[in-house]
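Colleague: Chain by chain, the residues:
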Amino acid sequence: MHGRPRTAPKPEDAAASAAKAQKLRALQSQFLSYHHDRIYTKEALDTSAKLLEINPEYYTAWNYRKLAVEHNVKESESSPESVKSIFDEELKVVENALRQNFKSYGAWHHRKWVLSKGHSSLDHELRLLDRFQKADPRNFHAWNYRRFVAALLGRSVEDELQYTEDLIGNNFSNYSAWHNRSMLLSEILKKKEQESYSQDTISKEYEFVLNALYTDPDDQSGWFYHHWLLDQTSKAKAPLLVSSWPVPGSELVVSGNVSLGDHPLSSFSKVTVALERFPVVLYFNQTVEGVNSSTVAIQCTFVQNEDVTWKPFSPQNSWASKVWVGYLDLSGVDHHSSAPHTVEVKLGHHKGIMSSNGLQLSVPFDLSFRVSVKPLETQSSKDEKLVWEEDKFYACEMPIPCLCYDGISVGNKYEPTTSDWQIGTIAEEISQIRNLLAISDSKIGKITLARLLMAHDVMSSPYATKTVHAEEVLGLYSELMKLDPSHSQYYKDERSLVLLQQLLSSGGTLLKHCFYYGGITSSSTHGPICLRLNNQSISRMGAFDKLLWVQMLDLSDNELHSIEGLEAMQLLHCLNLGRNKLRSFTALDPLRCLKSLKVLNISHNEIGLHSIDTTRYLCSASPLSHNGEVIWHGDDFTPEDADVTNYWEASMVFKSLELTQLDIVGNAVANEKFQSFLLKILPKLQFLDGQNLHRI
Amino acid sequence: MGELAGDKHVKYILCVEKKKDSFESVVMEHLRLNGAYWGLTTLDLLGKLDTVDSNEVVSWILQCQHESGGFGGNIGHDPHLLYTLSAVQVLALFDKLDVLDLNKVTDYIRSLQNEDGSFSGDVWGEVDTRFSYCAICCLAILKRLDLINVEKAVRYIVSCKTLDGGFGCTPGAESHAGQIFCCVGALAITGSLHHVDKDLLGWWLCERQVKSGGLNGRPEKLADVCYSWWVLSSLIMIDRVHWIDKEKLIKFILDCQDTENGGISDRPDDAVDVFHTYFGVAGLSLLEYPGVKAIDPAYALPVDVVNRIFFGRC
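These protein sequences, in sequence, are chains A and B. According to the UniProt record's numbering, the first sequence is numbered sequentially starting from 1. According to the UniProt record's numbering, the second sequence is numbered sequentially starting from 1.
Derived from the structure by calculation, the hints contain no laboratory data. Being a predicted model, the structure only gives us computed values, none of them experimental. Watch out, some of these pointers could steer you wrong.
Some, not all, of what chain A presents toward chain B, calculated at C-beta under 10 Å [as the list claims (entries may be wrong)]: (1) Trp178; (2) Ser611; (3) His626.
For lysine-lysine, the following PhoX-like pairs were computed, each having C-alpha atoms within a straight-line distance of at most 25 Å [claimed, not checked]: (4) A:Lys190 to B:Lys152; (5) B:Lys198 to A:Lys311; (6) B:Lys221 to B:Lys161.
Every residue, glycine too, gets a C-beta built ideally from N, C-alpha and C.
Start from the sequences, fold in the hints, and give me the full structure.
Modeller: Printed below as a string of structure tokens:
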């Protein structure tokens, strides 16, 4: 019951309503008996027509009329006139019903059904639609019907485009018309492949929408369309590899899984991973498919290319991803020889790596690095507890090698993937929106400007090494948080992504966040290097393409409630997520891909506190989302009275990890029963919430 | 801010059920099964499902079943996916799914999948992503998703994506929050949310919150309590619900209560109905309002019911 005022019924109204109800009830039961007895006489049809005029939503009556039409057409098969008149009668009934309620699904579908039989003239349909669309230009039933009729009539896309223009001219706030325009234009752009044509078309659309934006800068309709245009403009033409691990030219020393006390992470070039799973990570600027041993060739002495399986990193089972990993087996490499081995990875020489819209990798890419395997040290020290305390970290003065792509590392192979037209168009829009914002405080205008500025940065520097506009964008988001507090978390999330981009874009700012961990007493040299992004008010993680090298990461004291994307950090060994806003174990789903992870701090989050789990459907192995890999092992360990989902989810995340240290204190879920459950599902655990479990 | 008048709403729902003679209830007679789902789920969320005689409901539901296996909106009405889903959901609420002839129901649902992966609502061929959701949700609850071509069903839903990251009823149709719930829900249940552009859709959805705190279903439309369900559940499934102001929305829903006679309306001071009462209470549940049981955003059933189905225990 939409939009009807709440009033106490007057006695006479109640009486009238009861009388009306009685009449309708009689009509309905009369109708149902005709329907069940399959009576299709004129009288019976009249009853159903009357009923539908009062109550167009009475769907069984529409079905009945279809049966009646089929029956009566069969009866009168010889005469085309009488067939036509049977169908024309249906169109009349629909029109009457729509007058009563033109949001009736059943009525619109009945009309489509009649027309698709091909006995009726279509001439009247556009006029009828004009009438309805004038009365309610946003009625989506009418718009859907319009697309149906336009197709039947063979109307040109251009004519329909003109129609949207007319409606927008009448009222620019017609989002339905803008929507239809985007659909029609996509069709045109797909058909005409000439680049100059698409560019002209998009440029004209920018001019067209700008008028609407000026008319009322606070109306959303035009802005969403503008956003869509920006998306059409800034879509990189072809996929590009923007980052990888290892970085081209790097020299790496790899040791197998050893304990923290062996300080294996104490230099940027020393890596600890299981030798049989040495990861090569490829990070593209967009989602791609087709990464496999025929599109990527690996050349080295110890691995056969065909033996390398490439796996997409996507939180759910899908065949496309921005990030791909292939594992090399180093276990056969001679540990006693310190001579490094060269590994060459060549991709894009054969077609097959492509974006979702079918575009091939823009340039072939060769990356070569050298790797030597360090002999495994014999039990040099006892396992030590890692303590994430401020005084355990000290500044790292080591010069930072190239950890991610900066244009130099990829040499002269870089070819621009963005055209002058793209950059020019974005620059033009930046100045247009600046002008608009000079006379209006439109929040959505500010969001648009922030996005345009970021798009400009990405286009001028595909490896995101220059963040020219970052300061201005950060300022815009801060302003927006004040201007529109209801959506402040959205702005905060967007702001966090820009902030991370800025922090990680240059060696200088990065070095400020790199520390040695000095908490290991047995260590005589430097401890491991830790990237500390703690206490930065980060509400969302991003810039993972710059973080592929990180083995120890401190994200504590932020406002993270998700770690989406973290699965790309294949080398991660120690992770501190303490004092954030994680709400459930399903939010930790990305950790399942991090096979090197040993030390995890998730203390003082909100796990177990909330009745609604916002990541329940984003995790990769829930029985609720039918992903096919669900095996529930923990039932034996789950106490009778416990909330089964927390136990199930914890077991799902942790069973694939070999954690030695876990901090979970300060979460609602972490009671004694739960702790004893954790001990059962984490057999390698040595420290739980700081307590030595003395397992060895 | 007012409080949730839970007891009044329970009373209202029980009383609507008895008032079969008003014009409104006669007009709604053909979708009584939907009404039963709205009313009974509300009662369950408010902890009062036991005030209803489950045997009576179950036997009535079975009388709504057609020989084809599908359910009509009431006794004597034609079968349709919209009511088949409500029937299955209500039986799930009462833990009575075992009364169903499983093959009969699932054969009906399977028979409605089209070559392109879409679903017709019934034999008359109306195609809409709402029906994709009905079919997928039903079969998942009955653990027979393998009967349909899920890959094609997903591909069809993805083909209904629009410029704003949302979804419409058919390819080319405009986004609408109700339709988005159906599509995102179906993708969630089939483990296919990677097809959703979560940031784009999340932004569009969070922009549905207007100054009053309420949510609308499309840009530049009025807020309405029912979108507290459609928008919120979608935002939760894609983990972007923190982008709206929850306190303001709670206040808007509470302002739409009839605190005297019970029930919730679309907007403050409008006439109440069961539909909006359910969506208001379900919205408060998603907002973790104290005293309301948690509801699952994809299956639209209380979390304990969903857990009972999929984990074998609550």
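Colleague: None of the hints should be skipped; say for each whether it holds.
Modeller: Structure-based check of all given hints:
no.: 1; hint: Trp178; in the structure: 8 Å, holds
no.: 2; hint: Ser611; in the structure: 4 Å, holds
no.: 3; hint: His626; in the structure: 5 Å, holds
no.: 4; hint: A:Lys190 to B:Lys152; in the structure: 23 Å, holds
no.: 5; hint: B:Lys198 to A:Lys311; in the structure: 22 Å, holds
no.: 6; hint: B:Lys221 to B:Lys161; in the structure: 21 Å, holds
Going down the numbered hints, you'll see the structure goes against none, and every one checks out.
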